[in-house]
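Please build the complete structure, drawing on both the sequences and the hints.
Residue numbers (the working numbering), protein chains in the order written: chain U, 1211 to 1334; chain G, 585 to 1390.
For the record, the hints were derived by calculation from the structure and aren't laboratory data.
Idealized CB from N, CA, C, for every residue including glycine.
A portion of the hints provided could be inaccurate.
If the Cβ cut is set under 10 Å, some of the chain G residues that face chain U in the computed set are [claimed, not checked]:
{"id": "1", "residue": "1159"}
{"id": "2", "residue": "1162"}
{"id": "3", "residue": "1168"}
{"id": "4", "residue": "1181"}
DEER-style ranges, computed between Cβ atoms [claimed, not checked]:
{"id": "5", "chain 1": "G", "residue 1": "1253", "chain 2": "U", "residue 2": "1304", "range": "54 to 60 Å"}
{"id": "6", "chain 1": "G", "residue 1": "1253", "chain 2": "U", "residue 2": "1301", "range": "51 to 57 Å"}
{"id": "7", "chain 1": "G", "residue 1": "1201", "chain 2": "U", "residue 2": "1309", "range": "20 to 26 Å"}
{"id": "8", "chain 1": "G", "residue 1": "1175", "chain 2": "U", "residue 2": "1301", "range": "35 to 41 Å"}
{"id": "9", "chain 1": "G", "residue 1": "1194", "chain 2": "U", "residue 2": "1301", "range": "24 to 30 Å"}
{"id": "10", "chain 1": "G", "residue 1": "1180", "chain 2": "U", "residue 2": "1298", "range": "36 to 42 Å"}
{"id": "11", "chain 1": "U", "residue 1": "1273", "chain 2": "G", "residue 2": "1194", "range": "27 to 33 Å"}
{"id": "12", "chain 1": "G", "residue 1": "1200", "chain 2": "U", "residue 2": "1301", "range": "21 to 27 Å"}
{"id": "13", "chain 1": "U", "residue 1": "1319", "chain 2": "G", "residue 2": "1180", "range": "21 to 27 Å"}
{"id": "14", "chain 1": "U", "residue 1": "1301", "chain 2": "G", "residue 2": "1078", "range": "36 to 42 Å"}
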Amino acid sequence: MMVTESLVSVVDDDESVRESLPDLLREFGFAVQAFASAEEFLASNFVSQTKCLILDIAMPGMSGPDLQTELLRRRQEIPIVFITAHVDQNIRPSMLERGAVECLFKPFSDTSLLDAVNAALRVN
Amino acid sequence: MDELSHVVDALPGLVWTARSDGTVDFLNQRWCAYTGLSLEQGQGEGWQAAIHPEDLPEMLERLRLGFASVEPVEIEARLRRSDGTYRWFLISISPMRDAEGHIIRWLGVATDIEHRKRAEEALRLHELNFRLIVDSIPAPVAVTTPEGEVEGVNQPTLDYFGRTFDELKNWKSSDAVHPDDLPQTIATLRKALELGRPYNVESRHRRADGVYRWFNVLGLPLRDSDGRILRWFHLQVDIDDRKRAEDLLASEKRLLEMVAGGSSQPRVLEELCRHVESTAAGCYCSVVLVDPTGTHLENGAAPSLPASFLASIIGRPVNAESGPCAMASYLNEQVIAADLATETRWAEYAWCPMALAHGLRACWSTPITSASGKVLGAFALYYDTPRAPTPLHQSLIERFTHIARIAIESAQKDAALKRSETFLAEVQRLSSTGSFWWNAVTGERTWSEEMYRIFEFDPAVPVTIEMMETRIHPEDLAAFRERGQRVRNVDSSFEFEYRLLMPDGSVKYIWATCHPRRYDGTLMELFGTVHDVTRRRLAEETLDKVRSQLAHVSRVTSLGALTGSIAHEVNQPLSGIVTNASTCLRMLAAEPPNVDGARETARRTIRDANRASDVITRLRALFAKKSAMSESLDLNEATREVVALSSDELQRNRVIVREELADDLPLVTGDRIQLQQVILNLLRNASDAMSGVDDRPRELMIKTEREEGDRVRLTVQDAGMGIDAHATDKLFEAFYTTKSDGMGIGLSVSRSIIESHSGRLWAVANDGPGATFAFSIPLVPAPRTPRSAPVRTAVRANPERSIGQP
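Pasting the structure below:
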């Protein structure tokens, strides 16, 4: 399956996010794929096509940072925007240090999301 | 003649006349009346019939001589009275002469001397008897003149002294009486002679063999019928045995008094040796002791033995070879060495040559054995001549060994007691624990040394309750006095804490344990300990501070964690809501508007908002109490449990708890633990409310009572800082607190518990200082309202991700 628009993949165990976020991204004009877990994303065919990965930090099983590590191991350099419901200001710098494009705290605004995704795509 | 006859007849005596040749020619009427002879019968030689035949020959001879020499004659002779009895008469016959000097007549006069004669005879017999008696007395008797000159002594006197009569006459300048007793004997005798009163003196008299023995000399005057002293008799009674027994008894008494009076052991033993030496003449006495290890001899006392002699005994091993005392101690038997010159024992230690070199020839050593049979030492007598003990010696040894045993055992007990006292004092000092004893009847107080030290009182001054109160911290004085009052009614031991305020301003924390002892319900005595727990208390207070800081930190941390969890759970749906709302807006703003998409996102927004609401509901359910247990319970008992559990904390806060629990309180149905949590909360609040109170007793009253309408009420009244009358309702709101470190949860939780029991919890300000909190619950709670039932709606299916475990 070929996509013309830049593919943005969303990985989050929270159903609300998986339902709401793709719709918003599509309104922005991106192609979107949503996955309930890191394992599901890795097992899909969209890893290499993904231009921006919106990734929840805390998930059961493989966590967001775990997936980031795994992708680096596979030399899949996908720009990542982390999202998290934990309000801990210390998380953001450490995620940026790890190479993330952005780290957003839930709930985030549509503009901050768009800025983050655009920044990720620019990396490409 | 006739004229003369008339004169003679008239004379009162027995009178007669004779011619110059001696022929009786006239006898007066009294003569005739006495003899019963007529004048005719008596004339011539007829008168001779009236003369006692024994006296007649001498009389006739005397008369013959008298007539021949013409000299007056005086004869004593017995005349027969008319009744045949004879009486003594003094018969005087003298010549009558005429103017020229020729004998014309002889005149005879007989005077009755019967009385005198009898007296003379009696005296003679008396003296004879007396001498016989004196000689036959088996005790020494001396006879002296009224002036004290020795006239005679009886045979026992001569035998005892072994001296001649002439030697004894000079007793005052000899050693017959002991020189020490002589002055007093002479003085007593002189005084008795002067006053003519019997006397009694004790003195030592030297026996023929040179030994002095004690005598009691009894002096008695002998008087004639006129009361004049004729002689003195001096009876000497040998009282030596009695005197010795008395001395011995006095010695024993004195020694035992010394022991009882707490004289030191060396002094008592030395005195004992001196007593023995004065009692048994010529001996040297020593006491040696077995050392505490039981292996060597120690010095006891030996006042008359040379140090060099003792030095060779003291320190010797206790065995049969090293000497008589060591042997006696070792064998626990008496050891008699009657002649050290021929003695063969103890050769290994050359003991005999050593003793002989000190001039000793005999040694008798007797073990001193305790009541339990342990050998304490040995009692020894030494002599400078060879000799073996007599039964008298043995009885002496037995008695003094016994006293030595008492003295040594007493000293050992004293030492043990002193050791034990020292140990106790050390322990008390080390543990900062003093002990006291109070006699409730006499008010007498005994304090241990450490007790004085803790209170910083002079041990020389007897302690009074007033003195004690000057040390009690003013804030604790009321509680202390209240305790003091209660002592009289408390049966069992009890403990309590109070503080002392020392003169230098420092504060001591005291933990007191008291044990009352009663007789027949009346308090007899109180004893116990006082433990200075200042250091521990200060440590505890520091620890408490650290703990409360820690508790605060942990509360903040857990609150942070809780907040984090809540935020996470709520942020998830919020995130959905925001995203959906944004999408919705964008869909509606598109040309043409994507109404279906917007509707869908709006629907999802609502759904997510409901999810957020569910999270909150679930949180409430999590913090809600478990479902209440319903049981029948005794509120009094539940209250007592809580008071008991908190007593430590309450006492530490110096709160005086007064319980007024109704006797007739019915059982209630409810959750015991929950109700106890409420009571505990009320007690703590009351206690905390009084923490700043120092100007009045921190009194807390907890009361239960039955209310009308089948309800019970529990009231907790404090004397604390009180509450604002307008704020009584706010008190029960969550997070409302008047305490600097309070969470403000307790009262709101308490109220919800009481409400779940269909009861009411309220607070009122007291008329005086402090506040009163109370709850009232029905005996059986009303059926639960749905509002109070816990809501348990699971937010999500995944149980692993519940709140608190992110």
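Checked hints:
1. Taking 10 Å as the C-beta contact cut-off toward chain U, the hint placing residue 1159 (chain G) at the interface holds, the least distance being around 3 Å.
2. For residue 1162 (chain G), the shortest C-beta to C-beta distance to chain U is roughly 4 Å, which falls under 10 Å, so the interface hint holds.
3. Because the beta carbon of residue 1168 (chain G) sits about 9 Å from the nearest beta carbon in chain U, less than 10 Å, this interface hint is met.
4. For residue 1181 (chain G), the interface hint holds, since its Cβ comes within 10 Å of a Cβ in chain U; the closest pair sits about 7 Å apart.
5. For residue 1253 (chain G) paired with residue 1304 (chain U), a C-beta distance near 57 Å keeps the hint of 54 to 60 Å intact.
6. Judged by the Cβ atoms, the range 51 to 57 Å given for residue 1253 (chain G) and residue 1301 (chain U) holds: they are separated by roughly 52 Å.
7. A C-beta distance of roughly 40 Å is found between residue 1201 (chain G) and residue 1309 (chain U), which places it outside the suggested range of 20 to 26 Å.
8. About 39 Å separates the C-beta atoms of residue 1175 (chain G) and residue 1301 (chain U), a value consistent with the hinted range of 35 to 41 Å.
9. Roughly 28 Å separates the CB atoms of residue 1194 (chain G) and residue 1301 (chain U), a value that falls within the hinted 24 to 30 Å.
10. With their beta carbons about 38 Å apart, residue 1180 (chain G) and residue 1298 (chain U) fall inside the hinted range of 36 to 42 Å.
11. As the Cβ distance of residue 1273 (chain U) to residue 1194 (chain G) is approximately 28 Å, the hint placing it in 27 to 33 Å holds.
12. Range check, residue 1200 (chain G) to residue 1301 (chain U): Cβ separation about 25 Å, and the 21 to 27 Å hint holds.
13. The hinted range of 21 to 27 Å is satisfied by residue 1319 (chain U) and residue 1180 (chain G), whose Cβ atoms lie roughly 24 Å apart.
14. The given range of 36 to 42 Å is broken by residue 1301 (chain U) and residue 1078 (chain G), whose C-beta atoms sit roughly 60 Å from each other.
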